[in-house]
Amino acid sequence: MEVLLLIILNVIVPVFLLIGAGIILHIRYPLDMNTLAKLNTYLLMPALCFVNIYQNDMKADTLFQVLSFLILQSLCLMALSAGITKIAKFDRSLSANFKNSVVLVNSGNFGLPVSQLVFQHNPLGLSIQIIVLIFQNLLTYTYGLYNSVSVNNRGIQAMKVFQKNPVIYAFLAGLLCHVLSVQIPGFIWTPIKNTSDAFLAIALITLGAQSASLKLIRFSLPLVLSIVGRLILSPVIAIFVIVVLGLEGTIAQALFIASSFPTSRNSSLFALEYGDRPEYAAQAVLISTVFSMATVTIVVYTAKLLFP
Numbered sequence: 001m002e003v004l005l006l007i008i009l010n011v012i013v014p015v016f017l018l019i020g021a022g023i024i025l026h027i028r029y030p031l032d033m034n035t036l037a038k039l040n041t042y043l044l045m046p047a048l049c050f051v052n053i054y055q056n057d058m059k060a061d062t063l064f065q066v067l068s069f070l071i072l073q074s075l076c077l078m079a080l081s082a083g084i085t086k087i088a089k090f091d092r093s094l095s096a097n098f099k100n101s102v103v104l105v106n107s108g109n110f111g112l113p114v115s116q117l118v119f120q121h122n123p124l125g126l127s128i129q130i131i132v133l134i135f136q137n138l139l140t141y142t143y144g145l146y147n148s149v150s151v152n153n154r155g156i157q158a159m160k161v162f163q164k165n166p167v168i169y170a171f172l173a174g175l176l177c178h179v180l181s182v183q184i185p186g187f188i189w190t191p192i193k194n195t196s197d198a199f200l201a202i203a204l205i206t207l208g209a210q211s212a213s214l215k216l217i218r219f220s221l222p223l224v225l226s227i228v229g230r231l232i233l234s235p236v237i238a239i240f241v242i243v244v245l246g247l248e249g250t251i252a253q254a255l256f257i258a259s260s261f262p263t264s265r266n267s268s269l270f271a272l273e274y275g276d277r278p279e280y281a282a283q284a285v286l287i288s289t290v291f292s293m294a295t296v297t298i299v300v301y302t303a304k305l306l307f308p
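Here the sequence shown is numbered in the working numbering, starting from 1 and rising by one per residue.
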């Protein structure tokens, strides 16, 4: 019980205090969401990615284990969500949004800050979350975008969008500098490191500001199924995949925790852009984020018990 309380106080409360600050700021002083989004995507997140990969020594077999888990976990979630849409007889538009709400994870401005707090004394855990982030970006702009654009049979330009994402280039640059043992001069390293340190607070304030404009209309069956799929069934599937792959320690902890994060904001943005049930998609993001306060706490606690 003492460990659970520490997780709530040291991980969950700091996260939701900053999200709450973002909500209050946006209500009192409307923030420019486009500027905040670009600040996170094109500056803070790439800096964090570069610093962590540059400083961490992840072995090739660890990377293989992480990727194996992510591929198997994603395939299971895709099959699960597709099966539910068939059984529930969702129409084409609702099916696309439901699948995205279950498969796509907020691994950026929610997952990374949580991992920073959970693994603040274990760099490997945060490095794994960065791999998860990159994988999720690829999944978002292939599988996720395809789901949305296919509703109206539009052409897909997913890879063009993905190629513009600077996180992948920051990852490659950090990996290259690490492998080649490049010594970065202090006058360059200091601003990069300071930018990286700013990510946690700004990302969560941004998430709060985004949540301030979302409204819950009612708990429909599709919404309930989305929350159950994303916050409950996803971690359950993750445990089975971890056991099958024989993962242990920090790797198992980080991947199990990463499986519990709420629905990606991108699923809502895709729905809004392509006119496919945007209200439902926005509600899935909001409610999964609110409920994750409890479910992520339980998963972090369970991860430390199951994979010491």
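Calculated directly from the structure, the hints in this document are not laboratory data. Warning: the hint list may mix true and false statements.
[As the list claims (entries may be wrong)] Straight line, CA to CA, 30 angstroms or less: simulated BS3-like cross-link-like pairs of lysine-lysine: (1) K304 - K59; (2) K164 - K86; (3) K193 - K304; (4) K193 - K59; (5) K89 - K193; (6) K86 - K59; (7) K164 - K304.
[To be verified] Now the in silico label distances, taken between C-beta atoms and shown as ranges: (8) Q55 - L17: 23 to 31 angstroms; (9) C177 - R92: 41 to 49 angstroms; (10) E279 - N34: 19 to 27 angstroms; (11) F64 - T142: 14 to 22 angstroms; (12) F64 - E279: 21 to 29 angstroms; (13) F291 - Q55: 44 to 52 angstroms; (14) C177 - F64: 41 to 49 angstroms; (15) P185 - M33: 29 to 37 angstroms; (16) T142 - L176: 19 to 27 angstroms; (17) A37 - L306: 30 to 38 angstroms.
Small disclaimer: the values here were computed from a predicted structure and weren't measured. We treat Cβ as the ideally placed atom computed from N, Cα and C, and that holds for glycine.
To see whether the hints hold, each was checked on the structure:
At most 30 angstroms may separate the alpha-carbon atoms for a hinted pair to count; K304 and K59 meet this at roughly 22 angstroms. Among the hinted pairs, K164 with K86 is inconsistent with the structure: their alpha-carbon atoms are about 35 angstroms apart, more than 30 angstroms. About 29 angstroms separates the Cα atoms of K193 and K304, which keeps this hinted pair within 30 angstroms; it holds. Distance check on the hinted pair: K193 and K59 sit about 23 angstroms apart at the alpha-carbon level, within 30 angstroms; holds.
Under the criterion of a C-alpha separation no larger than 30 angstroms, the hint pairing K89 with K193 is inconsistent with the structure, at around 50 angstroms. For the suggested pair K86 and K59, the alpha carbons sit about 41 angstroms apart, so the restraint of at most 30 angstroms is broken. With a C-alpha separation of about 37 angstroms, the suggested pairing of K164 with K304 is violated against the 30 angstroms cut-off. Restraint check, Q55 to L17: a C-beta distance of roughly 28 angstroms satisfies the suggested window 23 to 31 angstroms.
The hinted window of 41 to 49 angstroms between C177 and R92 holds, with their beta carbons roughly 46 angstroms apart. As the Cβ distance of E279 to N34 is approximately 21 angstroms, the hint placing it in 19 to 27 angstroms holds. As the Cβ distance of F64 to T142 is approximately 21 angstroms, the hint placing it in 14 to 22 angstroms holds. Between F64 and E279 the C-beta distance comes to about 41 angstroms, which lies outside the given range of 21 to 29 angstroms.
Taken as a hint, the range 44 to 52 angstroms is violated for the pair F291 and Q55, whose Cβ atoms sit roughly 34 angstroms apart. The given range of 41 to 49 angstroms is broken by C177 and F64, whose C-beta atoms sit roughly 22 angstroms from each other. In this structure, P185 and M33 meet the distance hint of 29 to 37 angstroms, their C-beta atoms being roughly 35 angstroms apart. One distance hint, 19 to 27 angstroms for the beta-carbon pair T142 and L176, holds here, with the actual separation near 25 angstroms.
The hinted window of 30 to 38 angstroms between A37 and L306 holds, with their beta carbons roughly 36 angstroms apart.
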